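Enquirer: Here's the letter readout for the chains.
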Amino acid sequence: MFLTLFRKECAQTVKSLIYWLYVICLVVFFNTQLGSQYILTPPQEGQDSYYDYGFKTDITEQDIMETGAGTLVWAYYYDNYVTYPVGYAKNVTLSEEEKDEIADIIYELTGLKPDEIEADIAAYFEEHDIEASPYEVKLRDGLTYDEFLKYMDRAAEIVGPGSDYTEEKLKANVRIPVDYEGAKSNYSDLTEKDGLTGGYTRLFCDYMGVILGILPVFVTATRMLRDKRSRMQDLIYARRASSCTVMGSRYLALVCMHMLPVLILSFLPTVNCIKAGIEGVNLDYLAWLKYDMGWLLPMVMAVIAVGMLCTELTETALAVLVQTVWWFVSLMTGVVGIKGGSYGWNLMPRHNTELNYAGFADGFRQLAANRIFYAVLSLALLALTILIYERKRKGHLRRRGKISGNHKNSVKV
Amino acid sequence: MGKYLEITKIQLKYNAWQHVLISILLLAASPLVLGISNLDAAQSAKVLETYVALVGILLFVPVFLPEQDRNLWDVIKTHYTKITTVYLTRILLSFLFSALLILVFLLVMQAGNCEMEPVKYYFGTMAEVIAFGGLGVFAYAVTDNLIVGYMIPLGYYAAGISAGYRYMKKFYPFGMLTDYETKYWILVAGIILMACGVLLIRKRR
Amino acid sequence: MKTEIVIKGLNKSYGKKRALKNVDLRIEKGMFGLLGRNGAGKTTLMKVLSTLLEKDSGKVKVCGIPVEHASDIRKITGYLPQEFSMYPNMKVYEAMDYLGVLSGLTKEQRRERIPMLLKRVNLYDNAGTKVRALSGGMKRRLGIAQAILHDPKVLIVDEPTAGLDPEERVRFRNLLSEIAEDRIVILSTHIVGDVEATCEEISVIDEGKILFRGTVEKLLSLVDGRVYRAEVSRKELDRIRSSYNVTSMITLGNNVKVRFLADTQPFPGARHCDAGVEDAYMYLMQGEGENPCF
Numbered sequence: 270m271f272l273t274l275f276r277k278e279c280a281q282t283v284k285s286l287i288y289w290l291y292v293i294c295l296v297v298f299f300n301t302q303l304g305s306q307y308i309l310t311p312p313q314e315g316q317d318s319y320y321d322y323g324f325k326t327d328i329t330e331q332d333i334m335e336t337g338a339g340t341l342v343w344a345y346y347y348d349n350y351v352t353y354p355v356g357y358a359k360n361v362t363l364s365e366e367e368k369d370e371i372a373d374i375i376y377e378l379t380g381l382k383p384d385e386i387e388a389d390i391a392a393y394f395e396e397h398d399i400e401a402s403p404y405e406v407k408l409r410d411g412l413t414y415d416e417f418l419k420y421m422d423r424a425a426e427i428v429g430p431g432s433d434y435t436e437e438k439l440k441a442n443v444r445i446p447v448d449y450e451g452a453k454s455n456y457s458d459l460t461e462k463d464g465l466t467g468g469y470t471r472l473f474c475d476y477m478g479v480i481l482g483i484l485p486v487f488v489t490a491t492r493m494l495r496d497k498r499s500r501m502q503d504l505i506y507a508r509r510a511s512s513c514t515v516m517g518s519r520y521l522a523l524v525c526m527h528m529l530p531v532l533i534l535s536f537l538p539t540v541n542c543i544k545a546g547i548e549g550v551n552l553d554y555l556a557w558l559k560y561d562m563g564w565l566l567p568m569v570m571a572v573i574a575v576g577m578l579c580t581e582l583t584e585t586a587l588a589v590l591v592q593t594v595w596w597f598v599s600l601m602t603g604v605v606g607i608k609g610g611s612y613g614w615n616l617m618p619r620h621n622t623e624l625n626y627a628g629f630a631d632g633f634r635q636l637a638a639n640r641i642f643y644a645v646l647s648l649a650l651l652a653l654t655i656l657i658y659e660r661k662r663k664g665h666l667r668r669r670g671k672i673s674g675n676h677k678n679s680v681k682v
Numbered sequence: 020m021g022k023y024l025e026i027t028k029i030q031l032k033y034n035a036w037q038h039v040l041i042s043i044l045l046l047a048a049s050p051l052v053l054g055i056s057n058l059d060a061a062q063s064a065k066v067l068e069t070y071v072a073l074v075g076i077l078l079f080v081p082v083f084l085p086e087q088d089r090n091l092w093d094v095i096k097t098h099y100t101k102i103t104t105v106y107l108t109r110i111l112l113s114f115l116f117s118a119l120l121i122l123v124f125l126l127v128m129q130a131g132n133c134e135m136e137p138v139k140y141y142f143g144t145m146a147e148v149i150a151f152g153g154l155g156v157f158a159y160a161v162t163d164n165l166i167v168g169y170m171i172p173l174g175y176y177a178a179g180i181s182a183g184y185r186y187m188k189k190f191y192p193f194g195m196l197t198d199y200e201t202k203y204w205i206l207v208a209g210i211i212l213m214a215c216g217v218l219l220i221r222k223r224r
Numbered sequence: 651m652k653t654e655i656v657i658k659g660l661n662k663s664y665g666k667k668r669a670l671k672n673v674d675l676r677i678e679k680g681m682f683g684l685l686g687r688n689g690a691g692k693t694t695l696m697k698v699l700s701t702l703l704e705k706d707s708g709k710v711k712v713c714g715i716p717v718e719h720a721s722d723i724r725k726i727t728g729y730l731p732q733e734f735s736m737y738p739n740m741k742v743y744e745a746m747d748y749l750g751v752l753s754g755l756t757k758e759q760r761r762e763r764i765p766m767l768l769k770r771v772n773l774y775d776n777a778g779t780k781v782r783a784l785s786g787g788m789k790r791r792l793g794i795a796q797a798i799l800h801d802p803k804v805l806i807v808d809e810p811t812a813g814l815d816p817e818e819r820v821r822f823r824n825l826l827s828e829i830a831e832d833r834i835v836i837l838s839t840h841i842v843g844d845v846e847a848t849c850e851e852i853s854v855i856d857e858g859k860i861l862f863r864g865t866v867e868k869l870l871s872l873v874d875g876r877v878y879r880a881e882v883s884r885k886e887l888d889r890i891r892s893s894y895n896v897t898s899m900i901t902l903g904n905n906v907k908v909r910f911l912a913d914t915q916p917f918p919g920a921r922h923c924d925a926g927v928e929d930a931y932m933y934l935m936q937g938e939g940e941n942p943c944f
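Protein chains in written order, with our numbering: chain A, 270 to 682; chain B, 20 to 224; chain C, 651 to 944.
Treat each hint with caution, since some may be false.
[As the list claims (entries may be wrong)] Straight-line Cα separation of at most 20 Å, PhoX-like style, residue types lysine-lysine; simulated pairs: (1) A/K663 to C/K709; (2) A/K419 to A/K440; (3) C/K741 to A/K277; (4) A/K497 to C/K789; (5) C/K725 to A/K663.
[Claimed, not checked] A few chain C residues that face chain A, going by a derived Cβ cut-off under 7 Å, partial list only: (6) L702; (7) D706; (8) K725; (9) I726; (10) P731; (11) S735.
[As the list claims (entries may be wrong)] Reference excerpt, derived from the structure (chain B facing chain A, CB under 8 Å, subset only): (12) W36; (13) V39; (14) L51; (15) L58; (16) A60; (17) T103; (18) V127; (19) Q129; (20) N164; (21) M170.
No lab work stands behind these hints: they were computed from the structure.
The model shown is predicted, which means the values in this text are computed figures rather than measured ones.
From the three backbone atoms N, C-alpha and C, an ideal C-beta is built for every residue, glycine too.
Construct all of the structure, not just a fragment, from the sequences and the given hints.
Expert: Dropping the structure here:
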């Protein structure tokens with residue numbers, strides 16, 4: 270019974286308009302973001318810049334301190350302090366006393382007085398490309414890492430939650446462009462450890478994740494509301510099929526139908542990699558499958574589970590609201606770790622580069638834990654949905670009456 | 020006149036209050052997410068355009084919701100009041116609520132020392148609200164599906180964020196400072212879409 | 651396993667409102683009519699029988715199975731709710747097929763039963779029609795077909811004739827009678843004519859209590875010899891109303907034709923006539939049947 274129902278659910282999904290809207294959104298998004306993707310070629314010695322080859326992966330405490338202090342000086346100079354409490358940029362305005370305190374901290378860190386800052390920034394960008402590297406500042410001699418963190422802690426306190434001056438953010442903000450050697454090493458990570466396709470599929474997951482964190486909720490909510498709208502509920506309730514079978518097959522069908530176009534699209538970056546024909550690459554032909562299943566599937570599962578639960582519980586469009594909020598917060602807080610490596614517990618882990626295999630390897634345990642958590646969470650939500658369905662089937666949790674009071678009254682109009 | 024009051028009362032009591040409440044919650048939660056004091060002109064515009072205007076989706080899209088049930092639709096259609104009147108009253112109600120909420124929000128921002136030209140910003144935000152609302156109402160009417168009604172304006176919002184003025188030209192939703200003319204365009208588009216939506220849903224059922 | 655439904659001391663409340671009060675009933679094979687006005691508790695009773703509502707107390711057994719065993723009950727009952735429809739974009743056959751799967755029918759069973767049932771309810775030619783294009787009567791017939799898809803021992807039909815035109819209604823009743831040949835069919839209605847024409851056994855329910863249970867003849871015997879009709883002026887009507895139980899009236903210009911109940915000849919001009927189910931029903935409804943007759 271389960272498999273037949275599953276097939277019927279799939280067929281229903283294919284016939285629904287909103288499913289095709291979903292597919293169109295995926296294809297359009299893929300095309301605009303990844304449609305004309307070019308596959309990185311090996312770096313050549315003496316190139317103008319190695320901007321395409323990512324950032325240094327082995328950063329030192331010295332790097333952290335120079336970049337961190339630079340960020341603070343920059344903010345002080347432009348009097349522009351931005352924090353990300355929920356990821357959405359929030360501009361903080363400091364009082365004169367607070368500004369003075371920041372100036373003191375800067376002096377302790379760098380030895381620069383407020384009137385010397387402008388000249389220092391100008392001098393720095395004489396030598397560095399403003400596009401490629403953030404401002405760094407020379408530190409006061411003998412400043413230790415612990416002292417530095419202590420001062421930054423105070424700055425973080427002044428500016429408020431979500432600032433750039435916590436240890437975690439200070440580390441994340443270090444982005445040092447590579448030289449030829451670094452580019453070579455980053456590139457060999459991509460071709461050897463990642464099998465080239467791995468990096469590009471990961472980038473695919475990063476982009477597609479952004480919309481897969483919300484789109485499935487629309488199809489799911491529509492499907493779940495359909496029983497009520499078609500006044501089909503009682504006919505299904507009174508049947509022999511268990512709630513587990515009814516909801517389980519529906520869930521599985523929705524997950525599969527949502528993953529199907531993703532699987533197809535994810536194959537395209539792999540094809541691109543093969544077509545690029547770069548020599549000496551040990552291509553991983555199945556990277557797309559691994560990443561789709563490991564990275565995107567748990568996300569799709571979670572979004573569909575939330576959609577089913579909210580809709581079954583309230584029989585309204587609440588799921589859309591809930592998922593939109595979750596998606597928005599997740600998207601905004603994800604920006605911090607956009608270059609990959611710090612995946613945290615975000616629904617949509619970010620890794621917006623084909624490079625940074627080192628970051629991926631470092632964050633892999635966290636990513637795996639994150640994905641397993643969402644997969645398990647989805648199944649728990651599904652179980653809860655089944656439970657609710659079973660209760661409703663026995664007459665609980667339902668709005669009573671043949672036509673609810675709501676309708677009776679609006680008829681008066 | 021009494022008739023319109025009655026429609027308003029019933030709409031409020033049974034349908035609209037939830038959406039008004041959610042809109043108020045959305046606006047009330049804003050200080051947790053973004054700053055609403057001491058902002059410069061660009062930041063004020065951003066807050067209004069990318070956050071506050073979302074109430075347009077919340078308030079306008081569900082105007083057809085009470086008649087989702089087909090039986091009920093038949094009953095209403097046979098009644099003496101024209102269904103168009105009912106819809107227009109509801110749309111007006113949604114408009115008044117969004118106008119009021121945004122006015123209050125704007126005043127709070129002003130009190131918080133945010134830099135802005137109040138009239139210009141108010142009009143610009145309302146134009147966007149109507150555009151979101153019109154798009155949602157239209158999408159709902161075309162597909163007869165509430166969820167699509169939410170999805171399409173959210174998609175428009177997302178397109179505005181990711182594609183930007185370069186691609187969307189006069190239909191860029193966040194053009195307060197880039198190109199104020201966009202506001203007139205999207206306002207007109209919103210009104211046309213809303214009107215088409217009402218006409219369509221009448222024919223549809 | 652005997653085909654019968656036994657209900658003992660059944661209670662069900664919604665908050666403070668008691669929808670069913672100590673209902674006792676035994677229903678056997680054949681057509682069984684459940685008669686009562688809107689809100690009398692008919693739908694509640696039917697939903698309890700079809701496991702869509704949990705009872706508060708009492709015992710209910712359908713063919714020997716306690717109603718608590720929902721999944722077993724669902725195998726042997728078919729239910730047609732008062733308000734229902736199906737996915738509008740599905741074709742008639744598809745909708746039946748979908749519901750057949752939910753009832754646990756195999757592919758072969760569905761292939762065999764669905765065309766047969768569609769023929770039986772006269773929808774065979776509409777197998778490819780979308781559900782949204784069906785008329786009210788067709789939808790009802792499709793409803794019956796889906797309810798007996800898995801050949802249930804018990805068919806529960808809630809207000810099936812509401813919204814049907816007179817011709818459709820007669821056809822529908824006949825269809826139900828046919829189906830009732832080898833199973834229990836419980837039919838709830840507030841229309842007296844529905845049960846009068848088809849049901850051997852009926853029960854009258856009001857405010858959650860069973861007022862009557864027996865055959866149609868037994869119901870008629872309650873008022874036998876006590877039904878009178880007369881043509882009176884409108885002025886006189888009030889007097890008649892205050893002293894007798896009026897079961898029906900028709901206005902003709904300034905006069906009114908009334909039917910009413912009286913133990914003896916009430917006044918000259920009132921003529922004795924044969925009792926109808928409607929008279930008995932009104933008699934029960936108007937409180938004269940305080941003591942339920944079993």
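Enquirer: Taking the hints in turn, state whether each one holds.
Expert: How the hints compare with the structure:
1. A/K663 to C/K709: holds (16 Å)
2. A/K419 to A/K440: holds (15 Å)
3. C/K741 to A/K277: holds (13 Å)
4. A/K497 to C/K789: holds (17 Å)
5. C/K725 to A/K663: holds (16 Å)
6. L702: holds (5 Å)
7. D706: With a closest approach of 11 Å, the C/D706 hint is violated.
8. K725: At about 5 Å, which falls below the 7 Å cut-off, the nearest Cβ of chain A leaves the hint on C/K725 intact, so it holds.
9. I726: violated (9 Å)
10. P731: holds (4 Å)
11. S735: At 4 Å from the nearest chain A Cβ, C/S735 passes the 7 Å test, so the hint holds.
12. W36: violated (12 Å)
13. V39: Status violated, d = 14 Å.
14. L51: Holds. Min distance 7 Å.
15. L58: This hint holds: B/L58 lies near chain A, its Cβ roughly 6 Å from the closest one there, short of 8 Å.
16. A60: With a minimum Cβ separation of about 12 Å from chain A (threshold 8 Å), the hint on B/A60 is violated.
17. T103: With Cβ-Cβ at 13 Å, over 8 Å, it is violated.
18. V127: violated (16 Å)
19. Q129: violated (16 Å)
20. N164: Interface hint status for B/N164: holds (6 Å vs cutoff 8 Å).
21. M170: With a minimum Cβ separation of about 5 Å from chain A (threshold 8 Å), the hint on B/M170 holds.
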